[in-house]
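Go ahead and model the full structure; you've got the sequences and the hints to work with.
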Amino acid sequence: MTPIRTPTVAGSLAVALACLGLGTVGSYVAHAQETPASAAPPASVKAVERGDALYGRPEGGAAAKLAPVAGPPLATAPAKLPLDKLKVPEGFHVEVYASGLANAREMTQAPDGTLYVGTRTVGKVYAVLPEAGQDGKRVVKTIASGLHRPNGVAFHDGALYVAELSKIWRYDDIANHLDGAAKPTLVYDDLPKDEAHGWKFIAIGPDNKLYVPIGAPGNILMPPDTHAQIRRIDLDGKNAEVIARGVRNTVGFDWNPKTKQLWFTDNGRDWVSEDIPNDELNVVTEPGKQHFGYPFCHQGTFTDPEYGWGHSCAEFTAPAALLGPHTASLGLRFYTGTQFPDAYRDAIFVARHGSWNRTAKLGGDVVVAKPGSDGKIASVEPFLTGFLQDNKYAGRPVDVLVAKDGSLLVSDDYNGAIYRVSYGK
Amino acid sequence: MRRSSRAIRGLGPILGTVLAGAALAAPDAAMQERLAPCIGCHGAGTSGTEGVPSLGGQLPDYVVTQLFQFREKQREAPPMNDVAAGFSDDDLRAYADAVATLPPPSRSGPAADPALAERAQGLVAKHQCNSCHGSDLAGRDAIPRIRAQREDYLAKALAGYKSNARPGYDPAMNEVAQGLSEGDIADLAAYVSRL
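These protein sequence lines are chains A and B, in that order.
Residue numbering for the first sequence follows our numbering, beginning at 1 and increasing consecutively.
Residue numbering for the second sequence follows our numbering, beginning at 1 and increasing consecutively.
Just so you know, the hints here were simulated from the structure itself, not pulled from any lab data.
Watch out, some of these pointers could steer you wrong.
As the list claims (entries may be wrong) - Here are the computed lysine to aspartate or glutamate pairs in the EDC-like style, where the Cα-Cα straight-line distance is at most 20 Å: (1) 392(A) x 141(B); (2) 137(A) x 141(B); (3) 85(A) x 381(A); (4) 167(A) x 131(A); (5) 80(A) x 91(B); (6) 80(A) x 82(B); (7) 141(A) x 76(B); (8) 260(A) x 381(A); (9) 404(A) x 157(A).
Said to hold, decoys possible - Cβ-Cβ distance ranges computed for the label pairs, FRET-style: (10) 36(B) x 193(A): 39 to 47 Å; (11) 158(A) x 104(B): 50 to 58 Å; (12) 156(A) x 106(B): 25 to 33 Å; (13) 78(A) x 30(B): 24 to 32 Å.
To be verified - Output of the computed footprint for chain A on chain B, the stretches with three or more beta carbons under 8 Å from beta carbons of chain A: (14) 56 to 63; (15) 89 to 103; (16) 135 to 148.
Remember, it's a predicted structure, so these values are computed and weren't measured experimentally.
Built from N, CA and C at the ideal position, the CB exists for glycine as well.
In structure tokens:
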């Protein structure tokens, strides 16, 4: 593992790491004198802008090779999907449910079985018809196009809610408007327009309210009051209220079927270290009253090298579980079906898109967080793996969804495909 | 990326002279005919037309993404939106693979003067251009080659990202460009085009 070498934050980082008891602090500062790979900036040049994904990156070295890369705009041909590489626990079976959905992201399913799928980079929303044809393939319709990062979809009472970067729309009676000509109704647009962490996962809770996250507009910064939070609004767009703060960027949440509490993933900051902080699995127990740490405290144990001074992680709500450093833990759903064995009842499936801010990639899988008898997370285990091959992605899971029949659907935005994991038979 | 294993379609005699020595599959007459109008504006690797980018040495994953954005009208750049309007996904791939065989742009003018180079190198470091575009700014995967690109085109692209008139496929460049002044854009375009 290549050590971080940044003279400017090495001191505070060393303190932070020492507090965590991580590694040999000396190795983090020993290389500070090495020449950066790129030309050194003149002294008058300030750091890269904070809205930039690269903000906070140390100078030169191996870190300079790391950058986020968006997936391709075209779906992978069915014969070239990485199905033969995918692994599931014994007794489970994985198959391709649908293909040809370029950049497939969040999923939601209507009672009639139609699956609706959002996208981040191609501006489209798809519908996958429930019945496979004689060739075993399901028809995919493009129900909307030309939208701006329509990542979020939620089906409710016959209508499809679609979240663009800064607008949420409702497509009424969507089942009868799958031809792409539907005229949506604007539900809510009191939202920032920042591109960074601007795309949204949305869902409608057991309280019949629409939950909308607003990410921090950059890697690490002091967010405005309008950002780094989860809001809930009435289905007509009124009565917005903030129910969680200190949330850097959640792209997945669901409600515990027993307690009705909201659980959400949160993506940790970049550029501190290869190995910290972890992405978080969090739970909202007191809506509106909790702060989950960002930008002051990460993973419940680690005060930020810049914003953590003067703070203690004890001031903030600690995560219910850690999901690995830089793993990009996105879609999350409780297992509410009956098809899987009892051990999976009320367990939480999490799609980890996979790291970019790490030399040895981590994630690119679906894990399952199982609760113990006390309701707390007892373990986080691999469930669907094989997307990560030789430190390269053969696919990248974005969302998970418990289908009506109790199987688990998994979206993959690199291949534009949906997989189905089933048990038995 | 997964498309790298695709067989490169042949370009045929029109490009044969400029591509001497390049490993090409058997010429595909249809593709050769299709590419001719591309070369008419963009040149056979090096563009001599103001505002029209050089395509030589560009990576297929980047080209396919741009063609996709033209087809979907996510990126407005006449006449490319009309050109790509009828393309199938396979057309996009075939054009991208063919375009990617054009030789990198060549230029014969003087290098950037030392004062410009110093300013621009500072900007390249500050905005971490190398992180995605590579240490020599020749691109990788879906990230474009920008070295030796036309100066006017580079300036237009950066201004378009800054104003969001050109939304990136991924928002990375829109984010980066928010911090650029008009002078920064001029310096970067002048310097990178002379690499």
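Each hint tested on the structure:
1. 392(A) x 141(B): holds (13 Å)
2. 137(A) x 141(B): violated (30 Å)
3. 85(A) x 381(A): Status holds; Cα separation ~18 Å.
4. 167(A) x 131(A): violated (32 Å)
5. 80(A) x 91(B): holds (18 Å)
6. 80(A) x 82(B): violated (31 Å)
7. 141(A) x 76(B): Distance ~25 Å between residue 141(A) and residue 76(B) Cα, so the pair is violated.
8. 260(A) x 381(A): With a Cα-Cα distance of about 24 Å, the restraint between residue 260(A) and residue 381(A) is violated, given a limit of 20 Å.
9. 404(A) x 157(A): Holds - the C-alpha atoms of residue 157(A) and residue 404(A) are around 16 Å apart, at most 20 Å.
10. 36(B) x 193(A): 39 to 47 Å: holds (42 Å)
11. 158(A) x 104(B): 50 to 58 Å: Holds, since residue 158(A) and residue 104(B) (Cβ atoms, about 55 Å apart) stay within the stated range.
12. 156(A) x 106(B): 25 to 33 Å: Between residue 156(A) and residue 106(B), where Cβ atoms are some 58 Å apart, the hint is violated.
13. 78(A) x 30(B): 24 to 32 Å: holds (25 Å)
14. 56 to 63: violated (count 1)
15. 89 to 103: holds (count 3)
16. 135 to 148: Holds: 4 residues of the region 135 to 148 of chain B have a Cβ under 8 Å from chain A.
Of the numbered hints given earlier, the model fails hints 2, 4, 6, 7, 8, 12 and 14; all others are met.
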